[in-house]
Amino acid sequence: MKRFVPLLVFIGLVGLFGFGIWWNSWHDARYVPSPLIDKPAPDFALPKLDAPDQTVTKASLLGKPYLLNVFASWCVACAEEHPVLMADGRALGIPLVGYDYKDVPDDARRWLREHGSPYDLVIADQPGRTAIDFGVYGAPESFLIDAKGVIRYKHIGPLTPEVIARELQPAIDAVKREAP
Amino acid sequence: MTPELGQLALVLAFLLAIAQGVLPLIGAWRGNRALMAVARPAAAGQAVFVAMAFGILAWAFLHFDFSVQYVADNSNLALPWYYRIAAVWGAHEGSLLLWILILNLWTVALAALSHKLPEVFAARVLGVMGLVAIGFLAFIIFTSDPFGRLLPMPADGADLNPVLQDPGMTFHPPVLYMGYVGFSVAFAFSIAALLGGEVEQAWVRWARPWTNAAWGFLTLGIVAGSWWAYAELGWGGWWFWDPVENASFMPWLIGAALIHAQAITEKRGGLRAWTLLLSIFAFSFSLLGTFLVRSGVLTSVHAFASDPRRGVFILIFMAIVVGGSLLLYALRAPKVTGGKPFDIVSRETALLIGNLMFAVAAAMVMLGTLFPLIGDALHLGRISVGPPYFGLLFPLLMAPVVLLLPLGPFLHWGKADGGALKQVALRAGIAAAACAIVAAFFVQGQLKAIAGVAAAVWIAVGVLLYALKRWRDMPRGRRYPAEMAGMLLAHLGVAVFVIGVLLSESLSVTHDVRLAPGQHEVIAGYDFRFDGVHRTAGPNWRADQGVVTVQRDGRTVAVMHPQKRTYAREQVQTESAVDAGVFRDLYVALGEPMDANNIEGAWALRLYYKPFIRWIWGGGLLMMLGGFVCAGDRRFRIKRIAAEAALPPVEPQPQESPA
Amino acid sequence: MSARTPCRSGFSRDSMPRRSQLKPLLRMALLALLVFAGHAFAASGAIEPLPFKDHAQEVRFQNLTKQLRCMVCQNENLADSNADLARDLRLEVFQLMQQGKSDAEIKQYLVDRYSDFVLYDPPLKPGTWLLWFGPLAILLAGGVVVTVAIRRRNRGNGAIDDDKPADGRQAGNAPADMGDDW
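Residue numbers (our numbering), protein chains in the order written: chain A, 1 to 180; chain B, 1 to 659; chain C, 1 to 182.
Chain A extracted, bound-state conformation:
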């Protein structure tokens, strides 16, 4: 009976590997779940892209849920995501706040002029310090922040119509249901 132990362990391993291949085929291997889900968003105070003398703080955005979308003019994948935001951004029903990440403000403004801006508001984090508090590691990233300032959902990578339909919209609806 002992002789069958190696075989049984091996069968278990094959199962594990089979799972691994399956898992890998529809998961981005670089995806790391965020530890900030259901935790308050970090406090921030960042200048507006268009009016750098004006500062936007977390407190000033409380009261309504919004989608914070991390992007940059140098980010190739953001260019892929942009048309989706332009087309479907309004339909989400919540404000879209653009978060310009580690970008030269002139470049960002030019990029938005060329491609159009889906955002209701754009804030700029040129040094990238606040982004660390958000756990940003690869643009584009999108955070759904509720009325109380708690991060409820995060998506890493470009938003697509499928992701919006399958994950983002239901999350937005759930958040909206809670609000009075």
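Treat the hints as calculated values from the structure; they're not laboratory data. Please note that the accuracy of each hint is not assured.
[Claimed, not checked] Below, computed lysine-lysine pairings styled on DSS-like, alpha-carbon distance capped at 25 angstroms:
| hint | chain 1 | residue 1 | chain 2 | residue 2 |
| --- | --- | --- | --- | --- |
| 1 | A | K39 | A | K2 |
| 2 | A | K48 | A | K154 |
| 3 | B | K448 | A | K2 |
| 4 | A | K148 | A | K64 |
| 5 | A | K64 | A | K48 |
| 6 | A | K2 | A | K154 |
| 7 | A | K58 | A | K176 |
| 8 | B | K448 | C | K66 |
| 9 | A | K176 | A | K2 |
| 10 | A | K39 | C | K66 |
| 11 | A | K39 | C | K125 |
| 12 | C | K125 | C | K66 |
[As the list claims (entries may be wrong)] Beta-carbon label-pair distances, calculated as ranges:
| hint | chain 1 | residue 1 | chain 2 | residue 2 | range |
| --- | --- | --- | --- | --- | --- |
| 13 | A | W23 | B | G237 | 56 to 66 angstroms |
| 14 | C | D54 | B | G554 | 48 to 58 angstroms |
| 15 | C | A56 | B | R555 | 40 to 50 angstroms |
| 16 | A | Q169 | B | I523 | 33 to 43 angstroms |
Here a beta-carbon is modelled for each residue, glycine too, at the ideal position from N, C-alpha and C.
Could you slot chains B and C onto chain A? The hints should help.
This is chains B and C only, laid out in the frame that chain A set:
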């Protein structure tokens, strides 16, 4: 030389592999001599066609045939010819072709050197090798064809990854594969033994040289990879516990255990089931390595581009080969223990403990490597397992081995002589303690360094004492049979390796510094003077080259030239400058210029002082040498069948088998 | 051939799968990886002299950053990675060190933002018991097996004769044949 001929060659090889794999096994089962005799010619034919395919691919690279997708992806017009040949195995498809070529090399060697083996046994061994070849050729033909065309043909190719354009990287894969694939021979021997009900008791003796040689190659391959990483990657590290490194280390550990288990089985008749199992494990880990690298199941900087289809194919292949063998083992492994009994204090016990530690170490490395996958499967979140885990557990597990190592040869088979043992332990212990105390003064209380010195001296003194004993006790010509000389070399290699690792890890100095031309920085008594950066160029790159003059006690010790190279497609590669020495390496890596527009101004530099780092690879090379010397022992060469047939088989003892 | 590709552009695979073979999802994953492709940074960005108080602090910094994973080039540690984020995080670690935070506090700071994945040293928690105690369990199980095996062999099977050839040949017949003279 059309690439399609290469595809044809592979198909023909595949057909011959089927012949080689299936017919002799049927022949052995049925006692049909004609079918058994198919093995050697089929193996030879397969080898010819695989070599042809390989040659055609190499030809395509040498002649810039960018109509072949694989050539276009991995070379370009500026790539020097020697790297164009290395590019043959630079990516997935070609490296598989290398794999099957090397499998054929081992098979042909086996076919040539096995004429004195009993016919049925030889047929089975070659048959099993053929079955393995079937799997790999099928994998290549159906999922990984290197000869696919790219039309329209581009004017120039992409490039071989600059990181691979280095002699170390050229040498490392073929040697490593010699090791990986070489374990298939021990595997084939075991399967043949299981299939035949182990009628030939001497099969372990026949398997030993092949196993030792394969292990030697694997050791060399791992050493080459480690040395290359150190020289090429720019960060002074030599081992990262990366999943694919671990994939080569696991078979190495099992192979080390196997070599010692085979010794017990051959000389004392015991542990037959365990030796069989280890032989299956060793090759299984080789296959596991292949799977991990190519299936994308684990993220690793080493991995090929993953394709789930390929992953599934290898998984099925592995399931059949390993699962089949383990099933065969479960059903047919000897239930009755043979072998002479042994005392608790004996060489057998020491070797068993060693085997246990190596096996647990291999299991630990596998657990750590696969744990991220387990974490995903059990929804434990994304867990990271890295050097802190492996670097803690591995030395702990190896500590008992280090303690027993010098005592091993002094322990007799069966029952050890306590007196001699105590003497050795005392002498080696005193020497180790003395050296440790001396070392403590030099290294200012660095525990790791002191431990390294103590462990290395403990082992080395034990080895030397035994060598001396043999010199005194044995007549000339019988003092150091190859098997023993190999053992002494390999064990000495362990001592050298241990001291290399522990001293370099604890005493290295790394320092980032910003220097303008003419400025100095001193680390570890060496004065590094930065003499500026200028432009230079090579066959397919251009570079910013720095000049760093190193002085010690006023004398110039080295002039170093770290570079930052730019290859095709703007790929940038840091080429660090290494001043190698027996007792220390000096290492300089170029960072960024302070002012991006002025390369003649100040630059950031990273300076390293790495004491005893060459001893790590030196120890590895001694171990490799030990393996090869041992494999060459005349005692292992197959004697005439007639003499063997005269021997009565070993009487099995009426005991239950524990393994 | 397997290639250790130092991660420069966040793209850690060494050969690009052909477009026709890529499923749309996989292709998107690749595009996400290309996030930093537009960034012009050199391969040696990891070398940056920081104003350490003394050598001991520098050594502490090196040891700490070696235990942290770069989130962009996920196969490199924070000490060696060229990624922009790595540079930012190294600076962050440095500043935290200057503020007097301990290694554990610095690690917790990063874990709060990036999850346990940023640590190469897996934390000891129920989810990792298998990892940390598994090898010990295997060792104990193996130890039991080995002990039983040794005991069984030792159980009075006649005189334990050492150094005699195992296949019954006469002792005088070339003992070197079995390598048993040692």
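Restraint status (C-alpha distance of A/K148 to A/K64 at most 25 angstroms): Since the Cα atoms of A/K148 and A/K64 sit roughly 8 angstroms apart, the hinted pair holds (cutoff 25 angstroms).
Straight-line alpha-carbon gap A/K48 to A/K154, limit 25 angstroms: holds, 22 angstroms
Restraint status (C-alpha distance of A/K64 to A/K48 at most 25 angstroms): holds, 19 angstroms
Straight-line alpha-carbon gap A/K2 to A/K154, limit 25 angstroms: Answer violated: A/K2 to A/K154 is near 48 angstroms, above 25 angstroms.
Consistency of beta-carbon spacing, B/R555 to C/A56, with hint 40 to 50 angstroms: Violated, at about 30 angstroms.
Given pair status - A/K176, A/K58, alpha carbons within 25 angstroms: holds, 19 angstroms
Range hint compliance [Cβ, A/Q169 to B/I523, 33 to 43 angstroms]: violated, 58 angstroms
Holds or violated: C/K125 to C/K66, with C-alpha atoms at most 25 angstroms apart: Holds, at roughly 22 angstroms.
Restraint check for A/K39 with A/K2, where alpha carbons must lie at most 25 angstroms apart: violated, 50 angstroms
Outcome of range test on Cβ distance (C/D54, B/G554; 48 to 58 angstroms): Violated, at about 27 angstroms.
Pair hint A/K39 and C/K66, alpha-carbon separation not exceeding 25 angstroms: Violated - the C-alpha atoms of C/K66 and A/K39 are around 29 angstroms apart, more than 25 angstroms.
Hinted pair A/K39 and C/K125, Cα distance within 25 angstroms: holds, 21 angstroms
Hint compliance for this structure: hints 1, 3, 6, 9, 10, 13, 14, 15 and 16 are broken, all remaining hints hold.
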